[in-house]
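Enquirer: Chains as they are written, first to last, in my numbering: chain V, 688 to 1218; chain D, 145 to 254; chain X, 163 to 293.
I should point out that these hints are in silico values taken from the structure, not numbers from a laboratory. Treat the hints with care, as some may be off.
To be verified - With a cut-off of at most 20 Å between alpha-carbon atoms, the simulated EDC-like pairs for lysine to aspartate or glutamate come out as follows:
id	chain 1	residue 1	chain 2	residue 2
1	D	Lys206	D	Asp152
2	D	Lys206	V	Asp979
3	V	Lys905	D	Glu183
4	V	Lys905	V	Asp979
5	D	Lys206	V	Glu814
6	D	Lys206	V	Asp908
7	V	Lys905	D	Asp152
8	X	Lys286	V	Glu814
Read off the chains here:
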Amino acid sequence: MDPLSPLSSLSYDVGDFLYVIPIAIPALFGMIVLILDIYLGRGSNKTPLALTSGLGCLLTAVAAWALWAPATGAPVMAGTLAPSAFGAVAALAILIGTTLIGFSVAHHSQSADGVGVDLGRSIAHGELYGLLLFATSGMLAMTIANDMVTFFVAIETLSIAVYALTGVERRRARSAEGAMKYFVLGAFSAAFLLYGMSLLYGATGTMRLDVLAETAIKPSDLPMATVGGTLILIGLLFKVGAVPFHAWVPDAYEGAPSAVTGFMSIGVKVAAFAGMFRIVEGLGACGALGADLAGSPVGSWVLWFVAALTVIGGNAGALTQRNPRRLMAYSGIAHTGYLLVALVAFTRQFGHSSDALNMTYAAHDAAAGLLFYLLAYALANAGVFAVINHLERRGEDVDSLDDLAGLAHTQPRSALVMAVCLLSLAGIPGTAGFLGKLWVFRAGVASGDVGLVVLALMASAISLYYYLRIVVIMYMREPQAGTAGASSEDPQRWCSRLAILVAGVLTIWLGVYPPNAILKLVVDGAQALVH
Amino acid sequence: MNSITTPDAIQIVAALLFSIGVFGVLSRRNLLIILMSVELMLNGANLSLVGFAREFAHLPGKSESAQVMVLMAMAVAAAEVAVGLSILIALFRHVRSVSVDHPQATTLRD
Amino acid sequence: MLASMFVGYVGLAAMGAICLIIGVVALLLSKILGPRRPTRVKQLPYECGVELIQSSARERYSIHFYLVAILFILFDLETVFLFPWAATMRYGVDPNAAMLRSVLLTEVLLFVGVLAVGLFYVWKRRGLEWD
């Protein structure tokens, strides 16, 4: 194209705008919720906001399934987006998080007698739902971004919304403090990401990930590309909370209100992992993951160490925690470690190994395993946090595991779902988490990382201790008066009960008899990523 | 290019700006200065992008994406600062200090 | 090599030097030649006609300044996207390409529309009122 001749037609098909719809719906509903909140007035019940945002998420899920799932991953919109089943599955996991968390805090604005409204300590304002939906929009864009500009804007859209969400409980010092910590380190990592993208662009002359994958970098530019790739990976490893970059996770998770913690632990992680796989695909194919070392790029071995450290660090840190949000923070770090095992297996395909075909199979397995794991993880975490949100209201915080004592006697259904979801996180057979772990670890074995998989298996055996401890507290101890575990069922909280029910049922369903449609979508998604 | 603004010089200045920002974030104790340092890092990255875009200017269709990226990064940085300063004010109302070493905010840096 | 790189800056350096000289000379001349009859009012720092603020400049001031500044930055920076759009519509797009022009117009209207919703929200939340 001659830069001086005026454009006479679009460089993309107007029909490509269809692929933007799943990203636009959450943003649109975010605005609707904010405006709706103005007209609801200060002292009103905020349940309509939860229902509206739930409707938005449902529409988005339908649109993602209908529009993205059949797409092949070919670039559209002048190369800025690459919709595929990969994006569709990640979108489903993200939307599960947004919807269930949104529903589970709907009752926060009701007063104790269930009749009036008490907004004193409630976080269920319009801003909460608006920010949840804006962040969701950024997350969805990240899963199908095919262009580093789109990618950066998407990750910043979700990050900025989540910084604000962390501090949403602004009357509490711990909320502001956690938000500040998250913000400083998040902005720091965003700068790394941007500079890395700049260096990679300088070395390759392109911002598009699909073009990047086909670019042969000049040997003289290779160091710059490698440094750029490293900076990008550091920025993303920070977002998923991998171990050398995890310092913010426990504090931000503990400081944020439980609802926001649940949303962060699901949405941010799912989006960051989906984006990381897509970026690594481009980095590996163009050789920016480093020179070959024993059949794999150097980057694979670095990620191997990061994965090992993360698995150990997350599980070791979780053993001694008494605060449920802090415990889930370390549990989330451990799950990042398991998912990094899939990433390591995925990067093995870019080396000059003797059995390249097997490595491609392993990469395919890794991508499929990642997608299924993300779904299972999203459901299980949504279940755990839905129960915690269900129990909380206006100062009745669940700040210690002891607050859950005797929950099985007072609210048996909530306790059951909590137990199921914890077992799913631990990877017990019969739950979705087991199949996810099996799939990811199988990819690790196929790519030859048996040592790493054995380490991850031992670590997840240790994780049983801290997950089962919560189950023991809920089932074996007597309820203590004045704690959340002693409160009886409240008919006003039907929204959160619905969220709990959905999380529990889907966790079991995916674990015992995963529907073919989901499995096909997962395999298609991996196919779109690994050709 | 008959002046000092050779591609390498731009990239060196950009790298210096970025490094000064990194140093500032890691060494300073005042949250406002830390925020300023983060801005410096972002602007270093922006300068580097502009420099590369200039390098690719003779190749049609290559430099536009970097120029767009710079505009986006500027808008994003403004939004980030708006949220960051709001969080800072919320925090200030609780601890009455913007130092990361303040007794009530000692855990600000692990 | 290095010397040749600086050739383009000779003019700039010369202008800087001339400015410096003029400034210093003007200050010196007024110091030497100017009559001086100091009074208390004349000795006060000039603050654009506003009465002098005697206290420390580092005291805290109203949060409203901050809110206005932040809103200004946010809405102000969005014009950064309107300029390239306007330039493209004027010089970069074939005037006869009706389809292209309408799509580009729709896109920018959507963008401004989102900003308008933001402004509406701020307005309704009383973010624009001083009290």
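Enquirer: Take the hints in turn and mark each one as holding or not.
Expert: Evaluation of the provided hints:
no. : hint                 : in the structure
1   : D/Lys206 to D/Asp152 : holds (19 Å)
2   : D/Lys206 to V/Asp979 : violated (29 Å)
3   : V/Lys905 to D/Glu183 : violated (32 Å)
4   : V/Lys905 to V/Asp979 : holds (16 Å)
5   : D/Lys206 to V/Glu814 : violated (40 Å)
6   : D/Lys206 to V/Asp908 : holds (17 Å)
7   : V/Lys905 to D/Asp152 : holds (17 Å)
8   : X/Lys286 to V/Glu814 : holds (14 Å)
In this structure, the earlier hints numbered 2, 3, 5 are contradicted, and the remaining ones agree with it.
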